[in-house]
Every structure is written in C-alpha cells, then in structure tokens.
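Student: Sequence:
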Amino acid sequence: MRIPPRTTAHMDPSHLMMLQAVNPLLAQLGAAAEDLRRDTALLIGSALPSRHATRMAVRVHAAECADALGLLPDPAMVATLRERLTAAVDAFAPGISEDDFTGAVSCIAAGRVTNYDDLQGFGVAVYDHRDSGTAALDLAMRQLRHGACALALVGAVSVAPVRGWDGHLGPLVPDGATIAEGAAVVALARRSTAERHGLPILGTVASAGPGAAPPAPPAPDRTYLAVDALFALLHGVVTGRETLVGASDPATPGLRFTGVRPADAPEPDIGTRGTVDLVDMPAPPEGTLPHPVPPGTVVVTDSADSADLAAALEGCVDVAVWTTDGVAAQDAAGALADLPFVPAHVRVLTRFTDRGDAPAGVERAEILQDLLLTTTQALLPALRNGGTVGAALLDALPGDRPHPLAGLFTGFVRSVRAEVTQCGGAALLTAAPDALTGLHQLARASAHAGPLHTIAARGDGSWARMDVCPDGVPAGPGEISLGPGSVVVAFGGARGITPELLHALAVRVERPHVYLIGRTPVPDGPPTEPAPQAEFIAEQRRLHPELSLRELKARYDRLDAAREVRSTLRRLAAVCGTDRVHHRVCDVLDGEAIGAVLDEIHDRHGRVDLVVNAVLDLRPRALHAKALADFRAVRATKATGYRNLKNALAGRPPTILATFSTLATVAPAPGDVDYCAVNSYLEYATAAADRDLPTGHREIAILWSGWKDVGVASGVAMEETLRRNNMDAYITPAQGCAQFLSSLAHPPANGLTFFLRGPERAMLARRGIGPDAPPMPPPDVPDPAVPGPEPASPLLDGITMEGRSWVVATKTWDPRTLDERDGRWMRHHRVNGAVVLPGTFALEAAAAAATRLRPEMAVTGFRDLACHASVTMRPDGPPRTVTVSARAADENSAGSRVSVRVTTNRTSATGKVLRFGDLCFEVDVLLAPVRPHLGPAPDMRAHTPVPGFRMPIYDGHPVLALSGPFAGTSAHAHGPDGTSALFSFDHAEFSTELGGATVPSILIDALAHLLLVPRDGQEGDQPVPGPLAGIAEVDLGCAGNDCDLAALHPVVRLGHDAASGVLTAAAGGRVLVRVRGVTAFSSSEPGLLVRPGADDHRPVPA
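Each residue of the sequence shown is one higher than the one before, counting from 1 in this note's numbering.
Hints are not guaranteed to be accurate.
As the list claims (entries may be wrong) - Here are the computed distance ranges between Cβ atoms for each label pair:
#, residue 1, residue 2, range
1, LEU589, SER248, 44 to 52 Å
2, GLY147, ALA749, 53 to 61 Å
3, PRO433, GLY334, 47 to 55 Å
Hints were generated in silico from the structure; no laboratory data involved. Bear in mind the structure is a predicted one, so any value in this text is a computation, not a measurement. Just so you know, even glycine gets a beta-carbon here, dropped at the ideal spot from N, CA and C.
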C-alpha cells in the first residue's frame, strides 16, 4: 500500500486490515468507484477496542495506580511496587507513545481509509458490541434511503483481544469459540445507482424488523464478532439463498438478504480458450555467419560424442566446451574465470535419446540444466550488455511434438530473456541428430523465434515457432464426465486454489469421494486457532529464546497450514458428507508413498476418476541471487512429483489427470526461472502423454492466471511484484472455478489450455505476444557497474566481470552531473561543437584495465591504437557508458601483451538500446617488470620559432577545437630535422579528476599536435585534420600520469623527427614518451584518413 514503515509501526492492525479490505473492493468496482468517489461513504463496525488503545489505556491508568500506591505507609514497599508496576507495563505495552494515538483510536480508522482512498463522503465508526456489523449495515441502508450517499462501503474488523483479557468478554464470545482476526467490506447502493453505473447486483438487502437471530460464527471454533454479520451476508451472496442477519439485542432491527436466483446469476467472465503450440512459419533466411557460435561463447553440453561436437565447432574462435562430466554446476563461476577469453554468450547443446521418462535421461537433463543455471548466473553482466543465451536441442521433436525434457531448456531461455531484457537468443527444437546442423539452425533462426523465443526445425525441412493460438474448443460450461460418487484425488489439494475448485466440483457432481493428499499433517485433538502471527512469535520468543525468527515463523506457518487444511476438510464434508472426504499425508517426492495411497484408493473404489496435480514449490528470487538448492527444490517438487505420480498411475490411468501450470510460462515473471522452466517441462510432458492415452482418458494442463484472495499469487508481496512487472491479470475464485469446470467439460485438443480475458490479452501484448500485439520496444540501457575503490582510474568506474586473464569494466558519464567532475576537463575537447572523449584517453582506459590484470607489471607502451567511433556527450542526451574489455593475449618472462576493446551501446534519447557493442577503440597494451630506457633527449637547440604561428586547433576551429589542458603546447619551433614545442599542464587544477590516471594521456595527445607545426621551408598553412584515428606505437620510459609528470617537470620539450616520423617528449635529459604512426580522420572527406606531418597530405582509405 506504499505506506511508510514509520507510519505503519504506529498503526493498529485493525487500521491496516481495513485498508487491505477496502482497496481490492474499490479495484473490483472499477470505473464506478471513481465516478462515485465524491458520494462514497465508509462505515466500519468494531466490537472491541484496538490493541494499541488497550495498551495506551494501561499506560495512562498505570500512572494513576502508581500515584495511589503512595497511600501505603511503607516507602520501601511503595518503591518496590512501583518498579514492578513499571516493568509489567513496559512488558505489556512496549514502545507505546503519543505517536500511537491516531493508530489506537477505532473511530480514526474510517478517517484514515477515506483519506487514503480519497473517499469524499462521510466516514463513521459504529460501536455496538458484537452487533456492530449489523448496526453498520442498518445505518448504511438508512443513509442511502435519505440520499446522504450514493455508495456505501460497509466494513467490520475484528482484532484478537490482548492476551489474558479474552476471559472477561463473557457473552460476546460463543461457548467453545475464540476470537479470530479479520476484516470484510461490502458495497451497498440503491438499485438505480448500481444499474446506472453498471455494477453487478449480487442481491438485495432490506429491513427485517427486530427479533432476527444473531449471525452464527463462520466456524464453531471461532468468532469474528462484528465481522460475523458481514460473513453471513457474504454467505448469502455465494449461495444465492435468502439470509437473515439479526442482532443479539432483540430490539435491534435485523436485515434480510435476498440473493440473485441461480437461474438469473450471470456466468462469470472466463474469456476465450487458448493454448500454446507449434505454428508453421516460413523458413528463416540462410545465415551469413561463417561459424555457428559467436566468439566468446561457452557451450555447455552432456554430449559424449566429442567428434560430433568438434566438427560442429571447427574454425570457431574463443569458444569453450563444458561437459557435465568436466564442470560441476557449483564450479561454473571458477571455470568461467579460468577461460582464456572474455565470455559473452552461453549455448546449451543436448540430444534426447528416449521418450523423456527414462531415469538416466532425466538425471542427465537435470544435471545439464543445473550447469546452465550457474553458467548463466556467472555470465549475467555480459548478458545484460547484449550477450545471448541459446539452446540447441537435438532429436527434440518425436512425433512432431516437443520432447518433454526440452521444456527444461525452452522455459529457461524464455524466462532468462524475460528477466534480462538486454539479452538475446532462442531455443531450437530440431529433428536433426548432429550438433553441426543443430547449431547452424539455431544461429539461422534466433532472430525469427518470435516472442516465446522457441523455434522448431522439422525433419521434412519445414519450420515452426511456439506461439499462442486458439485451442479450438468452447470456453463455456458443459457436461463433465464424472458421475455420482466419482473418486477425486487431489495432490496438493488441501490448500491454495484447489479447495475452491474441489468445492465447485463437489457442488456440480453428486457426492464425490474426495481424497486430499498433501504434506501438511492435521494434529489430533480439538482444533485450535493460532494466535495472530506477531503475538505468537512474541510469545514463542519468550518461551524459546534459542530459536531464530525464521524458525518461529516456520512454526507459525505450520500451525496456520494445519488450520487451513482443517477448514478445507470441514467445507468439503458439508457438501460431500463426512465419510466421503479423506486426508492423507504424503510427500510427492516419495514415490512409494504415492503408490501406497493410490493402492488404498483403488482397493476401496476400484478406480480413480479425476486426479488433480496441484503441487508446487515457489521460491521467487532474482536470477543473480537464485540458489542452486532452491532451483533444484522447485524443479523436484513439480517434475519429480509428476513422474512419481505417473509411475503410480501406470496401468490404471484416471479418466482425467489435470496438472496445474501457470500462464507465467508464456510470459515469465522475473525471479521465477526455476518455476517457469519446470512448468514448461510439465506442459510438454502433458501434451505428449495425452496423445498416447487410450480412448476415454485425457491428460490436461491448465495454465492459470493469478487468483485473487486465495493461492500463492494472492499475497501482498506477490501482488506487488506482479503489479510492478505488469503481470497482475487476476481472476476471482468464481472465474477460476468456472474455468476449471470448462476445462474438464471440454478438454483441450493438445492437452494445454488457458483462458484469455482483457487483462490477460493486455499482459501478453506487453510482451509482444498475440496477433494484435505491438512490436516490443528496445530494451532499457543496462545498469553500469557501481563505482568502487578500484580501479582508481578516471576512465573506469568499476569491474563487472573478471577472470584470471581477462577483465571487463565500465565507465559512465551522466550529462546531468558531468560538470561536477569529468566535465571539467572533457569540455575542453570538442569535435564539431560537441564534447568528445579524446582518443588518447582510450589508452588510459586500456592501461587501467591491463594493470588490473597484471598489477605486478608496469605499462611500457601501446601498439596499434585504432579509433573506430567517437564517444560523444550531449547535454540533453542519456547517460553514456563504455565497456572496457581486456584480455591477456601473449605472455612470457619478458612481459605481457593485453588486448583491449572499448565498446558502447547506441542508445535513444529515451534510454533504450538501439544496438549493442559498437566498437569505439581497440589497442594492445605492453607491460613489463621494468620500464625501458628510451634514450637521451634529442638536441633541438638549432630550432627557431615559427614566425606568426598559432596552433589552429586552439583557435576555435569548426571541426576540432581544443582549449584548457588540451591546448598545452607553446613556443612552436622548427629546424632542419623537424619541429618542436614546449608542453605544460596545470596539474593542481585537475589533480582531483585526473590524479588517479595510469598514463599521461594529455601529453600523448599534445605530441600529435606537433604534427601541425610547419616544418622549416614549408609554405602555407598545414591542413587541419579531424579527430585522432590511430597511433601505431607508443613507448613509455617513465612512470606516472599527466599530474605526476607535470609536478616533476613543469615544462616538457616535444619534438618531431621529420626523417623517421618519431615524436618524443623529453625532460630531465631523457625521453619520457615516444610515439610514431599517428593518423587522423579527414576533416573534409568523411571516411578517409590523413597522416599529419607527412609530405603527402592526401587522404587515404580508412
């Protein structure tokens, strides 16, 4: 609800429960709630004071008691009693202060809710002991009649009393019952108002006069006090029966609710039926790539055919093959660090040799999926920067249907692509048996796989893609092939959505025998209602201080689960009969136990008509934080449980086996890569099994939308997660039950079905799924590395990935904050008026990355700097990030050569990536234990000043304009052997920004300027080139960056030897830097290069 934690800490649970009850009702009322907001009233009935109020009252009256103790004659006794009283009050009401006042007073709850939801009618709290709910309903009806409001939201709330006080509540609590916590709210309006605004009319409420009996509690073991009246009303809504809601005081008027007659009740909107299937498509165009996998790929496989794989990867560069025998899943990160290249892609390659139910094949596929998970996790930074994940699944189309085990990988790829939107890739189902064909087909088809990222290459040469399509059967109700006394077995059926479905089925089928199979035991003895969670944990922490909060929470969850199971059993027994509802404790991972339970049922009834497989284990966690143990547990619960169930049913199939899946396998939710992948497996397995069943038997899988009010998707945290990811396409329990009955009455043709209403279509359309879905927008710019203490270079923010012989780092410039740091020096280097990163600063980024790899060595030079594209900062543009990838290319005892590439993503003004990995710079860095001596300083005493010369690029040149630290040359001179100049740099001005640099990039940039000084005897101005295009060689004979050198040598002599073309920077009698082979882009002819300082200035091809 987005209420600050500091506020909720001072709110009584009654206030929070009312907010949680009112908000979903307003959402259900939709546009009508918005239209009627100005005339919407809120009435809340409450039978007991809030717990905050009780504790505050104790604190207030404790002070009076402490004063009264002063009447005792013994001062010592008075002091002792006051200390004990203070300790008791502190233990009873810890942390209560004046800030709790607004959360403690019951009447403020109505004001809080009306304020939060902007309800502009009146808000009132009604207090009439246990009859508060009835009184609130009666008051709402009278206000509606008098026109005081157009819509009345009538709520009631019950909070458990402070422990120890429940014994004093006497007639409020029926014998044998305890006070439970809860809240409910209903909407009342005049019929004309409801019809005018299109509100569904569930029934009518009228005065029944005094004398009606008070509402019975919803269960014999607990009462909700004021809420019981609303529960009685809601029971009438559900059953459609006339219901009287009275009061404990015979003089208090009662209410008569008349429900909509079943014949008149509208069928819930369940939408149209859909399915997921292979849909024919044109063959993808033949690929132009020379190799089936790109450089930087890790291929994970369980293949034992090394010759086949070697043939497939022949000629591929920078590719590693990991087999499940050679690399364990838990070792993937370490193996990645050992690679000799920078990894960016992952491919999984496997061949299916059986139908999918052989234990050896299953184990092999699951071990491979484990390795795929951990490899993908280790590669996440690369995937977020345009890397790819793909699956080549060989022999994966038996009978032209996907192999069941292929779902483990197609669902995995789809889920990764949903969570890491910058990632590319697809899963290929191919009839081809060899790796070479499969990998080439995958490379050919990846860009054409559609929004489900799954494509099939059939053996006859035709192609298909996995897509959403109609399932060809009606969506409405129909006759279910289950007669009176049918035997229904539900695994995982005592909790969640399954009780709702079984109850709807029991109402439809005459007195079925229902068996609920689950892991939650029901304790012997009379049922007990667990205390509210906070009180339970507080009490248990006092009794068991050695237990952690997690352990106490687990205890409470077990008690609450047992309560839910008992409630389900009571509810079903009321429809089927006590002797026809059974509960068995059994773990689906125990195949023998499942067989024993089904043996018992077959021995008793001779058959099973319907099996519901609803087991699940949901452990949502972001991909980078997904623990391998959790991943395996989620998979085992659904996949191993399904296989155990199928084995136990072998030779005695039920009429219908219904497995529950999720629509999230089509549009995965971030954090559920394990859940989505295993459900894809179940869907493929269901479709394959359904095809092979004998006539009269069906196996189906229902892909559910999220359920409101019940099930795993109904929790507050899950609702918020789904809303944040635009996946909150919820159905009501009534809609879910109708969809279930429709699926049983009209089983889908291929075994898979789901239901599409407006919310589901909108959710899928946001993923680009559906015939009318708009194209998917480009992905968001990936998050840059978080700046850290290392590396300290101004050209590197932080490390994203690192191995023993490679490293990947990033640097980000944000135009909004550029002037605060890097902009102080970058703004002095402009190309065509825009701020552009100088090409020589690519040397700084490369050097910093190289020394990260080999910190024990010194950077001694650079070779073959090539500037392919500029890095431009636009004041109104998005942040600009470059990625620096360094790799040790050649190493020996004399030193190391590290190859570095600097890339950037082409982005839109709105922060979307239009293209990944544009190459900006590449260069080799030379490192050695000791820096070389570059010789003595050249003798330039014969050079004379160039008369009237001013460096043209320092005077606001329209193409290349330099100032500040980049305009550091002066005293330009020439002589018979070349040209020279003096260089100076204000190190104090820029030490904060550039003091952490590795090499003197500005000095190297200044050396290139010397090529624009006319040589002795040259006439006319030198042609002014564009920005730097490359440098063949840079040698460093000194340590330090620009700031370090300027502090040691305030003036550096620059020289250009015309004969050799060598540029030198010298001070202190020795050469500090030597450069040769400078090229620049032509300022007049785009795409061509010039060689400044050469005799021939004509441009040459780049």
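Student: Does each hint fit the structure? Answer for all of them.
Tutor: How the hints compare with the structure:
1. One distance hint, 44 to 52 Å for the beta-carbon pair LEU589 and SER248, holds here, with the actual separation near 51 Å.
2. Taking the beta carbon of each, GLY147 and ALA749 are about 56 Å apart, inside 53 to 61 Å as hinted.
3. Distance hint for PRO433 and GLY334: a CB-CB separation of about 33 Å, inconsistent with the stated range 47 to 55 Å.
Hint compliance for this structure: hint 3 is the single one not met.
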